[in-house]
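Enquirer: With the hints as extra help, turn the sequences into a complete structure.
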Amino acid sequence: MKQRFHAGGRAHGDGAGPDTEAGSGGDAAVEAVTVRLLRAGVGLAALLMALGLVLLFLGGPGGWLSASVRHPEGWWSGLLLLQPPALIQTGLVVLIATPVLRVLAAAVIYARERDRAFAAISVTVLALLLLGVLLARMGT
Amino acid sequence: MTLSAFVLTAFVTSFLTGALGAILGLGGGILLVPILTLAFGLDIRYAVGASVVAVIATSSGAALAYLRDRLTNVRIGMLLLVGATAGTLTGAMLSGWVEARWLYLLFGLLMFYTALAMYRGRHGELPLPGPDDALSRRLGLGGQYYDQALGCNVSYQPRRTLSGVAALFLAGILGGLLGIGGGAFNVLAMDQLMRLPLKVASATSNFLIGVAAAASAAVYLSRGQVEPAVAAPVALGVLAGAVLGARLMVRMQSRTIRLVFVPILLWVAAQMFWKGWGL
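In order, the protein sequences belong to chains A and B.
So the first sequence is residues 55 to 194, counted in this note's numbering.
So the second sequence is residues 3 to 281, counted in this note's numbering.
Watch out, some of these pointers could steer you wrong.
[Unchecked claim] Partial list, computed: chain A residues near chain B (C-beta under 10 Å):
id: 1; residue: T88
id: 2; residue: R93
id: 3; residue: A104
id: 4; residue: L107
id: 5; residue: W130
id: 6; residue: L134
id: 7; residue: P139
id: 8; residue: A140
id: 9; residue: L141
id: 10; residue: V162
id: 11; residue: A165
id: 12; residue: V179
id: 13; residue: A190
It should be emphasised that the hints constitute simulated quantities derived from the structure, not laboratory data.
Don't be surprised by glycine CBs; every beta carbon is placed ideally from N, CA and C.
Expert: In structure tokens, the structure reads:
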């Protein structure tokens, strides 16, 4: 089913003589890398969080989780010991990283394709994201 | 509520918001925060943390389907992200300087108006061709996709590119300042201003809200505002829901999507009026 739709969409695209603008090759590459990146990131994040939830239930009436994962040492040791909060936290970090990695991958591919405008736009977005995190950290 | 009952209900609720968020390009935070605080009695700080995670999960889950169907326009998304992220930063810096209640009223009114415009245009399946935009052409923002509901290829060229970026900047300010409603404005700007096909607008909005939310999610996570026992079922439910919602959306007609969208917009507008009135 999925395969058929995919093939259908592509055949139509080719038949109509798709994007003639410069950089359309870059866009196809961006999409291909993005799909692979998303699949890996989302899969890993979901696996870690599901494992954490299952272990949370198996662990019995633990109730709400501790805040121990906020400190790096607690997080790492918790991860090695397969503690639910550490597993879930790691899954969340992977999940949050996927959209940022998408922009990073796009920046690299646009730069490699010499699509200067969009390489610059992607880098600007990354810089603004980073600035947002830094400003928020300073504010607290 | 016991832990298992909470995790189960949170998963089911998140599944539904994820599906709806993926179809409409909203991210689902608008729906999730009231449910988590009102129905589950969760502290607003944790509810906001979980909903930011939900926005990213919606974005990434939906993207898996949309990119395959070539609905997401990465170029438009990336360009609008400059406006959106700059707006979010500006909004965060302005908070404390600006009287929020007037903004709530202003944006509530604007959203009410655009919801009406969207309702009036509900019979149009695809945008009508209009005046050209040189910038949009120069940046190669046009695209095409195969519409499964219409059974044909649809090509488009966005209009009013700069106005779109400006609208996303404003929506970003709104998100950074007020914390709600940014996602809904993204779709409205791409639909009503840039005249993109609604499905492209929704899919592209899904792409950019995930990126725009990543910075605040990282901050909430490091502040410990993301409770693992809340965030895990929410994220898993939303992911599953978003994958399903995106699959459904590619087969839906735009007018059906509009009819789902309008009441949600009215609800968001009502929420903003409510807050603006200081109730």
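Enquirer: Can you list which hints this structure breaks, lowest number first?
Expert: 5, 6, 10 and 11
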